[in-house]
Structures are given as C-alpha cells and as structure tokens.
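Numbering (numbering that gives the first Met the number 0), first residue to last: 0 to 68.
Hint data in this document are derived by calculation from the structure and do not stem from the laboratory.
Please note: incorrect hints may appear among the correct ones.
To be verified - For each label pair, taking beta carbons as the anchor points, the in silico distance ranges come out as:
(1) 34 with 11: 29 to 37 Å
(2) 36 with 3: 40 to 48 Å
(3) 59 with 29: 25 to 33 Å
(4) 12 with 49: 13 to 21 Å
(5) 28 with 56: 14 to 22 Å
(6) 58 with 35: 31 to 39 Å
(7) 25 with 59: 16 to 24 Å
(8) 41 with 15: 27 to 35 Å
(9) 58 with 38: 27 to 35 Å
(10) 14 with 35: 34 to 42 Å
(11) 36 with 7: 42 to 50 Å
(12) 52 with 29: 29 to 37 Å
Stated by the list, open to error - Straight-line alpha carbon distances no greater than 25 Å define the calculated SDA-like cross-link-like pairs of lysine to any residue that follow:
(13) 28 with 5
(14) 28 with 39
(15) 45 with 13
(16) 45 with 55
(17) 55 with 31
Keep in mind that this is a model prediction, so the values were computed, not measured.
Ideal Cβ positions, reconstructed from N, Cα and C, are used throughout, including at glycine.
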Amino acid sequence: MTKETLALHETLETHEILNFKTVCLLRSKLMQGLCFDNELKQLMEKDVQQSITAIKELSGYYKHNELLH
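Taking the hints into account, I'd like the entire structure generated from these sequences.
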C-alpha cells in the first residue's frame, strides 16, 4: 500500500493558496473594526468564517506533502 503525498508543485501551490486565504482572513478581520456599515460587517464576517473553513481544509492537504516525508 502506497502512501499518497502531494508532489512538490502541488505543495507549493497549496502553500500559496494558504497564504492568500490567511491574508484574506486577516484583512477582513481588521477591516471589521474600521467599518460602520452593519451589512458590510456581516459580509466581512461571512468572509472570515469561509476563510477559516478553507484554511482548515487546505491545512489537511498540506500535511501530506513530499517535504515532510
């Protein structure tokens, strides 16, 4: 039985996506404090929650990369 891992290019792409989603999360979270429009705050909170979900999911894939094995 072979253990499935991400190839190097897949690992790098996953890393880039994780970085992007982390920046999105931080930006939305910080901008919520500067925003006075409740609708916009709700949209940013939705983005925060979606980013957290995406980061958790991508982290699972990232753990299966070639560099760690």
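Hint by hint, here is what the structure shows:
1. 34 with 11: 29 to 37 Å: With a Cβ separation near 34 Å, residue 34 and residue 11 satisfy 29 to 37 Å, so the hint holds.
2. 36 with 3: 40 to 48 Å: Given about 46 Å between the Cβ atoms, the range holds.
3. 59 with 29: 25 to 33 Å: holds, 26 Å
4. 12 with 49: 13 to 21 Å: Cβ of residue 12 to Cβ of residue 49: about 20 Å, so the range 13 to 21 Å holds.
5. 28 with 56: 14 to 22 Å: Hint holds: Cβ distance 19 Å, inside 14 to 22 Å.
6. 58 with 35: 31 to 39 Å: holds, 34 Å
7. 25 with 59: 16 to 24 Å: holds, 21 Å
8. 41 with 15: 27 to 35 Å: About 29 Å separates the Cβ atoms of residue 41 and residue 15, which means 27 to 35 Å holds.
9. 58 with 38: 27 to 35 Å: holds, 31 Å
10. 14 with 35: 34 to 42 Å: holds, 36 Å
11. 36 with 7: 42 to 50 Å: At roughly 44 Å between Cβ atoms, residue 7 and residue 36 fall inside 42 to 50 Å, so the hint holds.
12. 52 with 29: 29 to 37 Å: violated, 19 Å
13. 28 with 5: violated, 31 Å
14. 28 with 39: Roughly 12 Å separates the two Cα atoms, so the pair holds.
15. 45 with 13: holds, 22 Å
16. 45 with 55: holds, 16 Å
17. 55 with 31: Holds, at roughly 22 Å.
Checked against the numbered hints given earlier, the structure breaks hints 12 and 13 and satisfies all the rest.
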